[in-house]
Amino acid sequence: MALLEVNEITKVFGGLTAVDKVSFKVEPGEIVSIIGPNGAGKTTIFNMLTGVYKVDNGSINFDGKAIHNTSPQHIVHAGIARTFQNIRLFPNMRVIENVMIGNHINTKYGFLDEVFRTPRFRKGERECAQKAIDILESLDLGDQIDNYAKNLPYGMQRKVEIARAIATNAKLIILDEPAAGMNPQESEELMEFIRSLRDKGHTILLIEHDMNLVMQISDRIYVIEYGKKIAEGLPAEVAHNPRVITAYLGSGGISKDEE
Amino acid sequence: MKSIVSTASNFMHKNKLWLLLAIIAVLVILPFFGLSSYLIRVLCMIATYSILALSLNLITGFMGQTSMGHAALYCIGAYAGALFSTRLGTNFWISLIAAIVVGALAGAFEGFVTMNLSGSYMTVTTLAFAQVVTMVAQNWTSLTNGPLGIKSIPRPTFFGIELTTNNGGLYWLVLAFLILTVLFVTAIINSKMGRAVIAIKEDELAAKLMGIETKRYRIAVVAIAGALAGVAGCYYAHMSRYVDPKVFSFDISMTILTIVIFGGLASIPGSILGAIIMVAFPEALQFLSEYRFLVYGFILVIMMRFRPQGVLGGLSKQPYKLPAGVKSKAREAAAQAKEA
Numbered sequence: 000m001a002l003l004e005v006n007e008i009t010k011v012f013g014g015l016t017a018v019d020k021v022s023f024k025v026e027p028g029e030i031v032s033i034i035g036p037n038g039a040g041k042t043t044i045f046n047m048l049t050g051v052y053k054v055d056n057g058s059i060n061f062d063g064k065a066i067h068n069t070s071p072q073h074i075v076h077a078g079i080a081r082t083f084q085n086i087r088l089f090p091n092m093r094v095i096e097n098v099m100i101g102n103h104i105n106t107k108y109g110f111l112d113e114v115f116r117t118p119r120f121r122k123g124e125r126e127c128a129q130k131a132i133d134i135l136e137s138l139d140l141g142d143q144i145d146n147y148a149k150n151l152p153y154g155m156q157r158k159v160e161i162a163r164a165i166a167t168n169a170k171l172i173i174l175d176e177p178a179a180g181m182n183p184q185e186s187e188e189l190m191e192f193i194r195s196l197r198d199k200g201h202t203i204l205l206i207e208h209d210m211n212l213v214m215q216i217s218d219r220i221y222v223i224e225y226g227k228k229i230a231e232g233l234p235a236e237v238a239h240n241p242r243v244i245t246a247y248l249g250s251g252g253i254s255k256d257e258e
Numbered sequence: 000m001k002s003i004v005s006t007a008s009n010f011m012h013k014n015k016l017w018l019l020l021a022i023i024a025v026l027v028i029l030p031f032f033g034l035s036s037y038l039i040r041v042l043c044m045i046a047t048y049s050i051l052a053l054s055l056n057l058i059t060g061f062m063g064q065t066s067m068g069h070a071a072l073y074c075i076g077a078y079a080g081a082l083f084s085t086r087l088g089t090n091f092w093i094s095l096i097a098a099i100v101v102g103a104l105a106g107a108f109e110g111f112v113t114m115n116l117s118g119s120y121m122t123v124t125t126l127a128f129a130q131v132v133t134m135v136a137q138n139w140t141s142l143t144n145g146p147l148g149i150k151s152i153p154r155p156t157f158f159g160i161e162l163t164t165n166n167g168g169l170y171w172l173v174l175a176f177l178i179l180t181v182l183f184v185t186a187i188i189n190s191k192m193g194r195a196v197i198a199i200k201e202d203e204l205a206a207k208l209m210g211i212e213t214k215r216y217r218i219a220v221v222a223i224a225g226a227l228a229g230v231a232g233c234y235y236a237h238m239s240r241y242v243d244p245k246v247f248s249f250d251i252s253m254t255i256l257t258i259v260i261f262g263g264l265a266s267i268p269g270s271i272l273g274a275i276i277m278v279a280f281p282e283a284l285q286f287l288s289e290y291r292f293l294v295y296g297f298i299l300v301i302m303m304r305f306r307p308q309g310v311l312g313g314l315s316k317q318p319y320k321l322p323a324g325v326k327s328k329a330r331e332a333a334a335q336a337k338e339a
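Chains A and B, in that order, give the protein sequences. First residue of the first sequence: 0, per numbering that gives the first Met the number 0; consecutive thereafter. First residue of the second sequence: 0, per numbering that gives the first Met the number 0; consecutive thereafter.
Mixed in with the good hints there might be a few duds.
[Said to hold, decoys possible] In silico BS3-like pairs for lysine-lysine, Cα to Cα no more than 30 Å straight-line: (1) K149(A) to K150(B); (2) K316(B) to K122(A); (3) K200(B) to K53(A).
Please keep in mind that the hints were generated in silico from the structure rather than gathered at the bench.
Chain A with its partners taken away, still in its complex shape (with noise of 0.2 Å):
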């Protein structure tokens, strides 16, 4: 069974069908990408993935639950976590904080164990300061665990936000255009980070525009135009998908139209 499937979902916006009826699927340890042009409604799949909009019609199961119309809390405590297009770090926060926050869902410990300091809450802050250090020396960030996250480059701070999402231990990490901003050179280097993560055994959807960024990382693809899917399939169908075509470099027919 897949990881995620999602049905047949739909989202309108007053007259406006900004998703209709796309249907996907994600299996354990794979890299999958959704592509389209700008505003052909990447997003929106995105924000009902994670709880930030309400599903109009379909379903989305997650690990063989039903998780679509649920709170965005109840997602990840699922186990999908996400990151944000604008990087959404803790801005005045340090680099450290901002995973143990990833961490907070797993972090088992009441109230009263915050005022009394008890072995209970000493253990929980142990693990969870320890956690962090352990995924940030993984992805080579261990030397900056103190620097408060404002400070970092534009590609560390997107390093920390993925950082911050395998803190919740999520099982399915959401990447919401991770390459926005980024020079050629840096999206490559991105591109290298996020599948040596598949390679540490994480499972990534990736959402983005630039199609020749996911065509060599990614396992299987789904490309959306107008709120559609339009096609699906390894990188190299997809490429030679005429729809594919067509709705990335246009359809060239003008002139044929006119005549």
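Take the given structure of chain A and dock chain B to it, following the hints.
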């Protein structure tokens, strides 16, 4: 000059515990130096305002929600304590517990009402909340005795000894409350809850999408602030032995907010320093009569222009304090480099 400041701050950071114990020891023996009861009373008010500022700092400094009506929770705590002691004749300690519970409930209510609000909406709602509370205190005559207030509230007692400013008892009492408040606030801020609350200030949506129950925390924080304001209110009522609705006016809300911002948002020592300055200045400048408010206002304007983060606000430059037993390669490397 800069190096002196940084050496001093490093020294203070390294010997934090000893410095704190020394300060507490001096504060404890202070009444033996023959201070006038007027001075003791000023010190008591500084401590009361410190508790109120720490309480508001949780909401405004740490959680980032500006409240312009914190006197409401102070007022509710004071009336709860005063009414228990005068109407039901309970002793101070029972009244104190009642004030804490009532303050926490009022805070939970305020938190519930404002949990979806932010920015100016939050500010205006808290302002209105404070107005409603004073109006109720003025007009619910059968309970609160209206504008005449509640008179002859009994003094607190401790094992049969009546605590006054003359025997220093009221001072030690509020000092104990302040120390407990500081410990309590420090404990909850340096924990999972503290991180979640600061995350709400930094980016509420991102916090929610990390699985943090933001609404629950927003209610809890205002409830905790209400409990602390209840302590301050109950103490004040039993110290001054009289409360009326005018004592908890808009001015008081503003004073508490000014202390928090002036001392430093999200700074615990800042709230205490702010209270010292804001309470002591008007007293010390009494020779200027009404011109003192001019000086006072001028200092605030200068301060906001040149140090908007407050006297002790701003981000710490010290390394993050890892819990004992946590291993970091970077830290080990730094420690080795230092030895070599």
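To see whether the hints hold, each was checked on the structure:
no., hint, verdict
1, K149(A) to K150(B), "violated (54 Å)"
2, K316(B) to K122(A), "holds (26 Å)"
3, K200(B) to K53(A), "holds (25 Å)"
The earlier numbered hint that this structure contradicts is number 1, and it is the only one.
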